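Trainee: Just need the whole structure built from these sequences, with the hints factored in.
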Amino acid sequence: MATSSNLVGKLEGKVTLNSNPEEFFRIVGGRADQLADLINHKIPSEEHHEVDRKTEGCIKNWSYIIDGKVEVFKARLKDDEETKTVTLEALDGDCMKHYKNYVITYIVSGEDGSNVVKYSVDYEKLSENEPTPTHYLEWLGHMLKDLDASLVKP
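Note that the UniProt record's numbering has the sequence shown beginning at 1, numbered continuously upward.
Treat the hints as calculated values from the structure; they're not laboratory data. Since the structure is predicted, the reported quantities are computational estimates derived from the model, not experimental observations. Honestly, I wouldn't trust all of these hints.
What the hints assert, rightly or not - Listed below are the simulated PhoX-like cross-link pairs for lysine-lysine, each with C-alpha atoms no more than 20 Å apart in a straight line:
#1 K100 x K60
#2 K153 x K10
#3 K145 x K100
#4 K10 x K78
#5 K14 x K84
#6 K118 x K84
#7 K74 x K97
#8 K60 x K97
#9 K78 x K118
#10 K69 x K10
#11 K60 x K84
#12 K14 x K118
#13 K97 x K84
#14 K97 x K118
#15 K60 x K78
#16 K100 x K74
#17 K84 x K145
#18 K97 x K14
#19 K10 x K100
Mentor: Here it is as structure tokens:
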């Protein structure tokens, strides 16, 4: 029988930002529905369903391209202006075929004189046979780098 410690995990990464960190936070924090416009080779569409941001966050749907195929992700998005933290709690989508719980967190900050976005995936597998979501973490890193590059284009 699987123990919860075998099923629960956290993966982390970090990207150095060349773009304005305030603008970067505004976009990943869902204040602007621009991801599909800025990086449509990674995220061809996004849909925003407003609810009370202070108590519940907002619900967003994305389609994204990973490993050459289109997948979908529906999440409750919460952001904290003070700590520059964005949390995406999965509600539905392709990742939920493998994980009981799946939460993405972004933290935009200054570190050692440069701006960075730290990102993580907290997950709980449905069973021991499910994969660790390293390919999702790698995709997030590439997506964040592409977004950063799109924000510094002349």
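Trainee: Confirm or reject each hint.
Mentor: Evaluated hints:
1. K100 x K60: holds, 19 Å
2. K153 x K10: violated, 33 Å
3. K145 x K100: violated, 28 Å
4. K10 x K78: OK: K10 and K78 at ~19 Å, within 20 Å.
5. K14 x K84: holds, 15 Å
6. K118 x K84: OK: K118 and K84 at ~11 Å, within 20 Å.
7. K74 x K97: Within the cut-off at roughly 13 Å; holds.
8. K60 x K97: Distance ~18 Å between K60 and K97 Cα, so the pair holds.
9. K78 x K118: holds, 16 Å
10. K69 x K10: violated, 24 Å
11. K60 x K84: holds, 19 Å
12. K14 x K118: holds, 4 Å
13. K97 x K84: Since the Cα atoms of K97 and K84 sit roughly 30 Å apart, the hinted pair is violated (cutoff 20 Å).
14. K97 x K118: Distance of about 26 Å is beyond 20 Å: violated.
15. K60 x K78: holds, 11 Å
16. K100 x K74: holds, 14 Å
17. K84 x K145: OK: K84 and K145 at ~18 Å, within 20 Å.
18. K97 x K14: violated, 26 Å
19. K10 x K100: holds, 14 Å
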